[in-house]
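Colleague: What follows is the residue order along each chain.
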Amino acid sequence: MRRTRWMIWLLLGLVGLAVGFVPLPNFYPQPTERVFRVHASQFAFSPGEINVNPGDRVTIELVSTDVVHGLFIDGYGLSVEADPGQSARLEFTADRSGSFRMRCNVSCGAMHPFMIGKLVVGQNQLLWRGIGLAGLALLSVLVGFVYRHPSQ
Amino acid sequence: MELTRFPIIKSILKSRWPQLVIFAVFLAGFVIAILAGFIGTPVGSRNFGIVFVWIAWWAILILVAVPFLGRGWCAVCPIPVVGDWMQRGKLLSPEGDSKGIGLNLRWPKRLNNIWIQNIAFTLVALFSSLILTTPLASAAILAGMLFVAFGLSLVFERRAFCRYVCPVGGFIGLYSQTAPVELRVTNKTICATCKDKPCYNGSEAGYGCPWGVSPSGLAKNTACGLCMECLRTCPNDNIAIRTRPFGADIYKPTGKRLDEAYKAFIMLGAALIYAAVLLGPWGELKLAAYQIGSRAWFGYAVAFLVFIFALLPLLFLLAVQISRLITRSGTALRKEFISHSYTLVPLGLMAWVAFSLSFVLTNASYIPISLSDPFGWGWNLFGTATLEWTPYLSAVLPVLQIGVLITGLVWSVHTGLNISANPFSRQAAMLQALPVAGFNLLVTVGLMILLL
Chain P
1 MRRTRWMIWL
11 LLGLVGLAVG
21 FVPLPNFYPQ
31 PTERVFRVHA
41 SQFAFSPGEI
51 NVNPGDRVTI
61 ELVSTDVVHG
71 LFIDGYGLSV
81 EADPGQSARL
91 EFTADRSGSF
101 RMRCNVSCGA
111 MHPFMIGKLV
121 VGQNQLLWRG
131 IGLAGLALLS
141 VLVGFVYRHP
151 SQ
Chain L
1001 MELTRFPIIK
1011 SILKSRWPQL
1021 VIFAVFLAGF
1031 VIAILAGFIG
1041 TPVGSRNFGI
1051 VFVWIAWWAI
1061 LILVAVPFLG
1071 RGWCAVCPIP
1081 VVGDWMQRGK
1091 LLSPEGDSKG
1101 IGLNLRWPKR
1111 LNNIWIQNIA
1121 FTLVALFSSL
1131 ILTTPLASAA
1141 ILAGMLFVAF
1151 GLSLVFERRA
1161 FCRYVCPVGG
1171 FIGLYSQTAP
1181 VELRVTNKTI
1191 CATCKDKPCY
1201 NGSEAGYGCP
1211 WGVSPSGLAK
1221 NTACGLCMEC
1231 LRTCPNDNIA
1241 IRTRPFGADI
1251 YKPTGKRLDE
1261 AYKAFIMLGA
1271 ALIYAAVLLG
1281 PWGELKLAAY
1291 QIGSRAWFGY
1301 AVAFLVFIFA
1311 LLPLLFLLAV
1321 QISRLITRSG
1331 TALRKEFISH
1341 SYTLVPLGLM
1351 AWVAFSLSFV
1361 LTNASYIPIS
1371 LSDPFGWGWN
1381 LFGTATLEWT
1391 PYLSAVLPVL
1401 QIGVLITGLV
1411 WSVHTGLNIS
1421 ANPFSRQAAM
1431 LQALPVAGFN
1441 LLVTVGLMIL
1451 LL
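Read top to bottom, the protein sequences are chains P and L.
Numbering follows the working numbering, in which position 96 of the first sequence is assigned residue number 96; successive positions increment by one, without gaps.
Here the working numbering runs 1000 ahead of the position in the second sequence, where the first position is 1.
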């Protein structure tokens, strides 16, 4: 009985490690040049979400339509600023997969801290891994409950 | 473990001086925050009132104080302290002749619940896009809380504001049930033989419980403000502060109430909405939430209220009803709805932690800037006013959030199984808990989608 229990916990642990860390197959097309014109106005980027493939050479043309705005990309640590009515370019290679927040990094008004967009490079694997781990965690709690109440 | 067994801890907690010093510092900070809101720069991220209240204080409250100390913040909150001093006519101990002022009326019995706090928090949440970002609006709310607390202490006995009105106190009380510390009496038999009940009525050694609680009847943390008065007044040394497992109060089968259940929905719903509005990439949604009075805002307000007060509870009710049908439970639907709503307490707390991590770590670099230049007038008191905005830990933040959300899910499902396990067999308990666990999983996945 005890051995079976340990085997089940071990299995759950191994599945958890697999869900969390095993590399997933990538079927992305050849990297290409991608150009996005992003309009920044109080307090949004338009488009709010940019999707590229891993390895793509990305150019973001930030166009500010009202006050000075910036664009900072979490995870990449890159930023660019655009004056009102002007545009500024940010070029980079999308060499990190996942979902990254784009934030305005120039105080632009009241809702400035929440002026947020999204850069998605490939699939948001972290999200899928998180959902998988959440399901596995739920299963583990149920298994734990069964073992804690064996006699009923 | 009983913390008050250690003489040094006990003497610090019994002494009034440390608490008074903290009160004084926090009250000064609170007044500066209000002043900064009224006379400082209108740019929220450069105003002490916004940065210190909604970033620094909020981080300490939701990431540390509430999860680990429950109502620990209430023990040092400066908002009711002026009212306390007026009511008592004294700054420190109750010794001496001076008498306080105030009508000392009893709080109306039918308002002896947290519905006012539920409404107050919902209103603050509804206007939060303005309050969190606009110094003037933030200062008006903070000053309003100070004046309402003061006014109520002149009319009603004890801390009516903290117990029944404070929009923050309501959710602190709810989540304090999960905290790993508690204040309880050591031996209830001693209390039964205690005639004067100085813990409730006060004595030369200390004031009667400001929260209107009799410590011998304390079964959960919700209404205990950890003010330490009972520790000072008890003539029998019968009050103890103990550590305990996380979530100890919510596993208990008794003491579950509809007002608290709804507070759990309000908090969870607000966390979901905030994650979408404040941290999402949808600019129109942000503007709708910010432009109070516009047509878009009215649409947002209706959606906000319907989601929190109807949609979320109805979906949860459906889950509870499914579990009743599966298990052929004879327990009243209302009772099961209320008791299972407590699974949302750990889930909601962790949802707020996950949301706040993003908000706080991204904006924490404004703290040293506004410390040097609290009013945004170009000062540089500590040489930190010119620091650049820097988001902290942005690369690992999503991983942290996943960990926190999964912790909340595990905790909530564990709570649901404990609640179900009371009257049922193992199989029935699992069957009963499953639909609610499914609801909690859906909420967790929804939060992951919004936050990642």
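If you are wondering where the hints come from, they were derived from the structure by calculation, not from laboratory data.
Keep in mind it's a predicted model, so treat the numbers as computed, not measured.
We treat Cβ as the ideally placed atom computed from N, Cα and C, and that holds for glycine.
Warning: the hint list may mix true and false statements.
[To be verified] Chain P is faced by these chain L residues, among others (derived, beta-carbon under 8 Å):
id, residue
1, S1045
2, R1046
3, T1243
4, L1279
5, K1286
6, Y1290
7, Q1291
8, S1294
9, W1389
10, I1402
11, T1444
12, M1448
[To be verified] Where chain P lies over chain L, by a calculated footprint (3+ residues, C-beta under 8 Å):
id, region
13, 1085-1099
14, 1249-1260
[Stated by the list, open to error] Calculated cross-link-like contacts (lysine to any residue; reagent style SDA-like; alpha-carbon spacing at most 25 Å):
id, chain 1, residue 1, chain 2, residue 2
15, L, K1252, P, D66
16, L, K1256, P, Q123
17, L, K1220, L, L1063
18, L, K1252, P, N105
19, L, K1197, L, P1167
Colleague: Need the status of pair L:K1220, L:L1063: alpha-carbon distance at most 25 Å?
Modeller: 21 Å, holds
Colleague: Is the interface hint for L:T1243 satisfied, with its Cβ closer than 8 Å to some Cβ of chain P?
Modeller: Violated, because the Cβ-Cβ distance from L:T1243 to chain P comes to roughly 22 Å (cut-off 8 Å).
Colleague: Counting residues of the region 1085-1099 of chain L with a beta carbon closer than 8 Å to any beta carbon of chain P, are there 3 or more?
Modeller: violated (count 0)
Colleague: Between the region 1249-1260 of chain L and chain P, are there enough contacts, at least three residues with CB-CB distance under 8 Å, for the coverage claim to hold?
Modeller: Check failed, 0 qualifying residues.
Colleague: Quick check on L:K1286 please, does its C-beta sit within 8 Å of some C-beta on chain P?
Modeller: 5 Å, holds
Colleague: Classify the hint on L:Q1291 as holds or violated, based on whether any CB of chain P lies nearer than 8 Å to its CB.
Modeller: 10 Å, violated
Colleague: Starting from L:K1252, check that the Cα of P:D66 is at most 25 Å away, please.
Modeller: Given pair L:K1252, P:D66 is violated - Cα atoms ~56 Å apart, limit 25 Å.
Colleague: Straight-line Cα separation of L:K1197 and L:P1167 no greater than 25 Å?
Modeller: 30 Å, violated
Colleague: Please check whether L:Y1290 passes as an interface residue: C-beta within 8 Å of a C-beta belonging to chain P.
Modeller: Where the cut-off is 8 Å and the nearest Cβ of chain P is about 5 Å from L:Y1290, the hint holds.
Colleague: Measuring from the C-beta of L:R1046 to each C-beta in chain P, is the shortest one below 8 Å?
Modeller: Since the shortest Cβ distance to chain P is 7 Å, the answer is holds.
Colleague: Does L:W1389 pass the interface check with chain P, least Cβ-Cβ distance below 8 Å?
Modeller: With a minimum Cβ separation of about 6 Å from chain P (threshold 8 Å), the hint on L:W1389 holds.
Colleague: For the pair supplied as a hint, L:K1256 and P:Q123, is the alpha-carbon distance within the 25 Å limit?
Modeller: Distance ~43 Å between L:K1256 and P:Q123 Cα, so the pair is violated.
The structure fails to meet hints 3, 7, 8, 13, 14, 15, 16, 18 and 19 from the earlier list, while all remaining hints are met.
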